[in-house]
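The whole structure should be built from the sequences, with the hints applied where relevant.
Here is what each chain is made of, one letter per residue.
2 protein chains.
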Amino acid sequence: MNRPKPVHPVSTFIKLPFMPQLHHFRLSPYCRKIRILAGELDETLTLTDAQPWARDPAFLALNLAATTPVLELDGETASGAGICPSSAIAEYLIETAENGQRVLGNTAEERAECRRLTAWFDERFGAEVSDLMVAEKVLKRLMRGGSPDVVSIRMARHNIRIHLNYVTFLTERRNWLAGRDFTLADMAAAAHFSVMDYLDEVPWNKHPDARDWYQRVKSRPSFRSLLADRMGGFQPPAHYDDLDF
Amino acid sequence: MNRPKPVHPVSTFIKLPFMPQLHHFRLSPYCRKIRILAGELDETLTLTDAQPWARDPAFLALNLAATTPVLELDGETASGAGICPSSAIAEYLIETAENGQRVLGNTAEERAECRRLTAWFDERFGAEVSDLMVAEKVLKRLMRGGSPDVVSIRMARHNIRIHLNYVTFLTERRNWLAGRDFTLADMAAAAHFSVMDYLDEVPWNKHPDARDWYQRVKSRPSFRSLLADRMGGFQPPAHYDDLDF
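Protein sequence lines, in the order shown, are assigned to chains E and Y. Position 111 of the first sequence, counted from 1, bears residue number 110 in numbering that gives the first Met the number 0, the numbering being contiguous throughout. Position 88 of the second sequence, counted from 1, bears residue number 87 in numbering that gives the first Met the number 0, the numbering being contiguous throughout.
Incorrect hints may have been included.
Each pair may be met inside one copy or between any two copies, as identical chains are not told apart.
Unchecked claim - Here are the simulated SDA-like pairs of lysine to any residue, each with C-alpha atoms no more than 25 Å apart in a straight line:
id	residue 1	residue 2
1	Lys205	Thr47
2	Lys139	Arg153
3	Lys136	Ala60
4	Lys205	Leu63
These are computed hints drawn from the structure, not numbers from a lab.
So, in structure tokens, the structure goes:
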């Protein structure tokens with residue numbers, strides 16, 4: 000850290016001189032959020048499948064916390080390690096994209112509301128729904144960790160309804176979750192719902208307004224690669240990639 | 000959300016036309032991080048003691064998630080609710096302060112490293128050390144929730160040593176945790192350590208390099224109000240506010 004580094008003013012657009020590599024897990028909502036964001040920002044990322052539970056030393060060198068996603072830059076980062084967690088990757092991609100801040104909002108207050116909702120889905124929906132469901136229905140099978148815990152799955156199924164009601168509450172008042180425009184908050188929420196939908200765990204028929212919102216997200220070009228994605232051993236329901244489900 | 004809102008370019012400095020109110024809990028590391036940050040940015044916040052566990056309806060209207068900190072603006076926010084969680088408050092204060100980005104770093108890569116470490120302390124140190132210790136030693140007493148769980152406290156005491164080693168690892172290679180400059184990463188880490196230190200739970204004598212780093216943070220003017228703070232019913236050890244401990 001003793002060498003002086005070039006100083007860029009924040010709002011200067013710096014086209015990345017290389018293609019960053021996203022170490023990801025296909026059914027991680029946090030990784031999916033970054034993939035949608037990259038699509039919206041017109042940034043191409045190389046995708047590399049990671050298995051964080053395998054404790055691969057090369058992956059641990061990138062991220063001591065052994066979580067996905069990790070963004071590996073070709074150039075030198077401050078630490079030599081990768082960028083993580085997904086919140087730091089998102090801010091990095093937004094800062095280095097042309098006019099990237101549009102995906103957060105136009106004013107500081109709009110951006111605060113967008114970051115509040117993004118954290119709401121990544122932290123609360125994560126802890127109350129998707130982390131539980133992915134651990135029980137996906138990771139346990141991949142890691143041969145025994146049969147799913149019925150209580151955790153029941154909790155997640157209960158909690159997802161509360162979050163669907165919150166999406167309904169927001170979309171009754173706004174065009175998109177954080178306001179007039181499609182923002183990172185929609186990407187985070189849709190990333191979580193898409194993983195739950197892959198596992199056929201979203202009771203869409205009881206939440207038509209939330210379904211309408213999700214259908215609008217699904218039709219965006221940035222979402223296409225997620226709908227085409229398949230995880231070996233796990234088959235999504237028929238409506239998963241149907242744009243008119 | 001149908002009314003058009005004024006659009007500010009991101010890098011424009013907008014002096015807040017009012018004094019925002021921080022709803023905080025004195026022994027919350029996340030609230031302390033925001034107080035240090037406000038001091039470093041020369042922004043004055045009105046502090047209001049919150050008791051999130053009391054489920055006060057006025058507080059829930061500000062933050063449905065019932066967590067501290069929440070930043071309440073006098074002006075209109077996008078949602079009418081407060082800004083939260085602490086990561087969104089930090090970005091908001093940085094965006095609206097003059098040259099605020101300096102507390103994150105000078106390049107996009109430096110800021111990514113700063114945000115990585117800030118999340119490391121807020122998410123991992125939080126889950127592995129301070130959330131456990133505050134729940135067992137503080138909240139249980141305040142909420143009359145029974146006696147502390149010895150296993151949780153033992154886990155936190157074990158884990159804090161790993162984080163002290165990580166601080167040593169970083170400060171052997173860098174001036175401050177994220178690089179040459181004092182950044183939000185130091186504020187987040189010091190906020191967590193300060194709460195643990197208030198509870199006399201930091202084995203400083205076994206980690207002299209981490210102590211040297213913390214001593215440098217302690218001597219900053221932005222840290223002074225934390226050292227002067229007292230929480231009724233909880234007495235810190237004598238070295239807590241000693242700058243040459």
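Query raised in the report: Is it within a copy, between copies, both, or neither that the alpha carbon of Lys139 lies no farther than 25 Å from that of Arg153?
Result: within (16 Å within a copy, 28 Å between copies)
**Report entry** Copy assignment of Lys205 with Leu63, given that the CA separation must stay at most 25 Å
**Finding:** Cα proximity of Lys205 and Leu63: across copies only (23 Å, versus 42 Å in one copy).
Query raised in the report: Within a copy, between copies, both or neither: where do Lys205 and Thr47 come within 25 Å Cα-Cα?
Result: Answer is neither; intra-copy 37 Å and inter-copy 41 Å both fail.
Report task. Up to 25 Å between alpha-carbons, please classify Lys136 paired with Ala60: within, between, both or neither. Result -> Cα proximity of Lys136 and Ala60: none, with 28 Å in one copy and 35 Å across.
Hint compliance for this structure: hints 1 and 3 are broken, all remaining hints hold.
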